[in-house]
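Colleague: Listed below are the residues making up each chain.
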Amino acid sequence: MKSPCYHCGLPVPAGSNHSVVIEGVPRSMCCPGCEAVASAIVSGGLDGFYRYREKQSDRPEQNQPQDRWSAYDLPEVQQLFVHDWDGGRQMAALLIGGITCAACVWLIEKHLGQLAGIEKVSVNASTQRAQIVFDPEQIQPSALFEALEQIGYRPAPATAANRESVIQSEHRAALRRLGVAGLGTMQVMMFAIALYFGAGSGDVGEFERYFRWVSLLVATPVVFYAARPFFSAALRSLRTRHLSMDVPVSLAIGLAYGASFYATVFGTGEVYFESISMFTFFLLLGRTVEMRARHRAGLASGGLAQLLPMTAARYDGTEVAHVPVAALAAGDRILLRPGDTIPADGEVLEGESGVDESLLSGESALQQKTVGSPVYAGSVNGDSSLTVRVTAAGKSTRLSAIERLVERAQLEKPAQVALADRVAGIFVGVVLVAALSAFAVWWQLDPSRAFWVALSVLVVTCPCALSLATPAALASATLRLQELGLLVAGGSLLETLPRISRVVFDKTGTLTRGEPRILHIDLLRDGWTEQKVKDVAAALESQTHHPLARAFRAWRGNLTASQLKVHTGRGLEGQIEGNRYRLGRADFVIMQSITAPQGEGQWLLLADEVGAIAWIALGDKLRDSAAQAVEQLGQMGLSVELLSGDQSAEVKRLAAQAGIECFRAGASPEDKLSHMKQRQDAGEKVLMVGDGLNDVPVLSGADASVAMMSAADLAQSRADAILLNGDLRVLAQSVALARKCRRVVRQNLAWALGYNVIALPLAVCGLVPPWAAAIGMSLSSLVVVINALRLSRAAPSTEDTTRVEPNIRPRLAD
Amino acid sequence: MDSLYFLIPIAVVFVALAIKVFFWAVNNGQYDDLETEGRRILFEDDLQASSTKTEEKE
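Residue numbers (the UniProt record's numbering), protein chains in the order written: chain A, 1 to 814; chain B, 1 to 58.
Do not take every clue at face value.
[Unchecked claim] Cβ pair distances, simulated, as ranges:
1. I41/B to G317/A: 57 to 65 angstroms
2. V430/A to I41/B: 51 to 59 angstroms
3. G113/A to F23/B: 30 to 38 angstroms
4. D84/A to F6/B: 50 to 58 angstroms
5. L445/A to F6/B: 39 to 47 angstroms
6. V166/A to P9/B: 37 to 45 angstroms
7. G97/A to F23/B: 27 to 35 angstroms
8. F23/B to P769/A: 34 to 42 angstroms
9. P9/B to A173/A: 22 to 30 angstroms
10. F6/B to H83/A: 45 to 53 angstroms
[What the hints assert, rightly or not] Simulated crosslink set (EDC-like; lysine to aspartate or glutamate; CA at most 20 angstroms straight-line):
11. K120/A to D86/A
12. K55/A to E23/A
13. K532/A to E609/A
14. K120/A to D32/B
15. K20/B to E170/A
16. K55/A to E37/B
17. K55/A to D33/B
18. K120/A to E37/B
19. K120/A to D33/B
Think of the hints as simulated: they come from the structure by calculation, not from any bench. The beta carbon of each residue, even a glycine, is placed where N, CA and C say it ideally should be.
Please take these sequences and the hints and turn them into a complete structure.
Modeller: See the structure below:
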């Protein structure tokens, strides 16, 4: 087998002859797009990029119109993402798709830095944002976009900068609080050690008094600045009349601080400054980790609005102008070329074409549009040009309606949090009752000790370990899963994953790559080779944007066709080297019926004026990791099933190839859902893995769901997790990790509850000295945090340790 | 022991300074992207070596 494409890592189709000399060695490329990008990188003297990168680059898009960036030079568009900078310069904020590792940052900064007029480039790999300072006299924003596209990235103006800046300021605030709590804790602990030595003596000496005052000084910002989020959250939850974990947390911090303050000022009783600080620090740490995971999940699944093109070709009767999509209004006429994404809802005025509406309806076959048919924003024009009158743009399109639906779905509170809150409610009640009764009883026995006993009950039972038990384990497991390539979006996934008994896969795009490939060629005429058939077919397909045309991409450019004509839904014809060829459905190509050979895939016929030349079978290919993943899941005791909407022969072949015994073909979205409901009624817990919009109902209905990275956005937003790298083996690893996480959560809860059960009666009896209460509380949370951290270092795989990193091969070649 | 009255406030002042520096760093975006910045230095050094090498070759 040939080595994979050096740029994007995808397999190089046989017969492809694209290559680029990188660092003195010719490297094969899978397509003209990768070739162009790699040449641009090398000619800029930046081939070091290939040595530093840790992941393969994305495959660049091809056949984009040349002038599509010019609209960004219009002043009214620029004001959305370009701001004034010092000294007459301007700063553009861009969102850059395709950044995979730190080497990309280096490449972008170097490549843009070579252009005249660019002052400063700074790229953030984790948010995929770039800030570019440039001199508007020397360079226009469109040139920035063009330069980024040249090296294989997908730039877009960062117009949603508001949301981004909210995330950034939230993140910074969390870090500041964490810093204050951390440094404060270190300092207070030092004083506390000194205090521990004098604590047993009873009388408050001069030094002890001094140390207390210093501790108070250091702990005060920790309580009033770092711990403020807990107080405001507790207030919020009290206002909505339910007890959340924040209530006892703030009660413990607040009362312990108040009592310590009192003790310091009047020189009586005990101080708890170090416990307060340490507790605050641990809790903040857990929440910061959680918040970061949440933000990253939000960044990965961008808005639906990004599916729309950025500019449209408006036609005002005499000339065509490229305008920003935001400038479109109802009544405008726009021109759509084949392959264009439709920017607004509208009605066809001229032309006839097949339109891919799979995004909206889940139907993957092209929809025929003639004069008068409605078209919708977000769908893709298939094979010929259309003139469309806009009926609705922007917020009133159908796409926006779906987007609003998705946003509402995201606001729903995950079940996990609700459960933790219920547990907390009971726990808080018990602790408050215990503290109050201890106070009442001691008031009778010894009024001078009553307050201190009640306080030590609150401090000792302080719910730190309990409130950290679940979130710490979840945060650490979530981070680990992200390292493995599974982005967890729904909080309940880790809770349901260990209980799963059945995994259901969708076929196209999930088990398979979702890209058509040539499976087989049947030659019908002597003197023709497979290579020539591919070249001719590629030349005929070179101008169309039909999904099937992608199968021929690798052979494009070997021959050129003229007078190309697309017959929607039937086939293509064109002139190559003086001969007329047709490619497509048999009845169209040779005007008579002829039976296609047996075998899997979709059969196309190639013919010239004399007669049939060859049959070409196109089909999808299984992902490399599929068979292994199915085997691993089976070993873990899970049943695996394939549910597909496609016809049976193809499904059967793929199921056999992947090693799945249980499969079902020809299932509509409703069938899929009812099939799953049946399984669930039989007591099974189902994990659904899918990618299409037609999977959305099943994804929402399943106990747990995973969407592929390439999935439609709606599918991603309805799934509990997104599989980032397309490696299905991660699923088995995730289930194993989730099982381990469940064990850790149980250990943590058992520890926290056990600790409280022992400590509470002791404290109520007045047997716990304050230093012991402080140490006990800190230790109990430390144990929980350390136990949870074991998850983030958990071994990546179930048993299999031979994980093949796709990028190892090219790097070894260096 | 009396020196403690003098030394501990100094320690506290140092902590306050450390927090001030930390705030400055956070507000200036030093912690926004921890992945890239740690590696940047590696790229820079190797790049100059390799680009002069390629220039020589050409």
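Colleague: Run every hint past the structure and note whether it holds.
Modeller: Results of checking the hints against the structure:
no., hint, verdict
1, I41/B to G317/A: 57 to 65 angstroms, "58 angstroms, holds"
2, V430/A to I41/B: 51 to 59 angstroms, "54 angstroms, holds"
3, G113/A to F23/B: 30 to 38 angstroms, "31 angstroms, holds"
4, D84/A to F6/B: 50 to 58 angstroms, "51 angstroms, holds"
5, L445/A to F6/B: 39 to 47 angstroms, "45 angstroms, holds"
6, V166/A to P9/B: 37 to 45 angstroms, "39 angstroms, holds"
7, G97/A to F23/B: 27 to 35 angstroms, "33 angstroms, holds"
8, F23/B to P769/A: 34 to 42 angstroms, "37 angstroms, holds"
9, P9/B to A173/A: 22 to 30 angstroms, "29 angstroms, holds"
10, F6/B to H83/A: 45 to 53 angstroms, "50 angstroms, holds"
11, K120/A to D86/A, "12 angstroms, holds"
12, K55/A to E23/A, "18 angstroms, holds"
13, K532/A to E609/A, "17 angstroms, holds"
14, K120/A to D32/B, "18 angstroms, holds"
15, K20/B to E170/A, "19 angstroms, holds"
16, K55/A to E37/B, "17 angstroms, holds"
17, K55/A to D33/B, "18 angstroms, holds"
18, K120/A to E37/B, "16 angstroms, holds"
19, K120/A to D33/B, "17 angstroms, holds"
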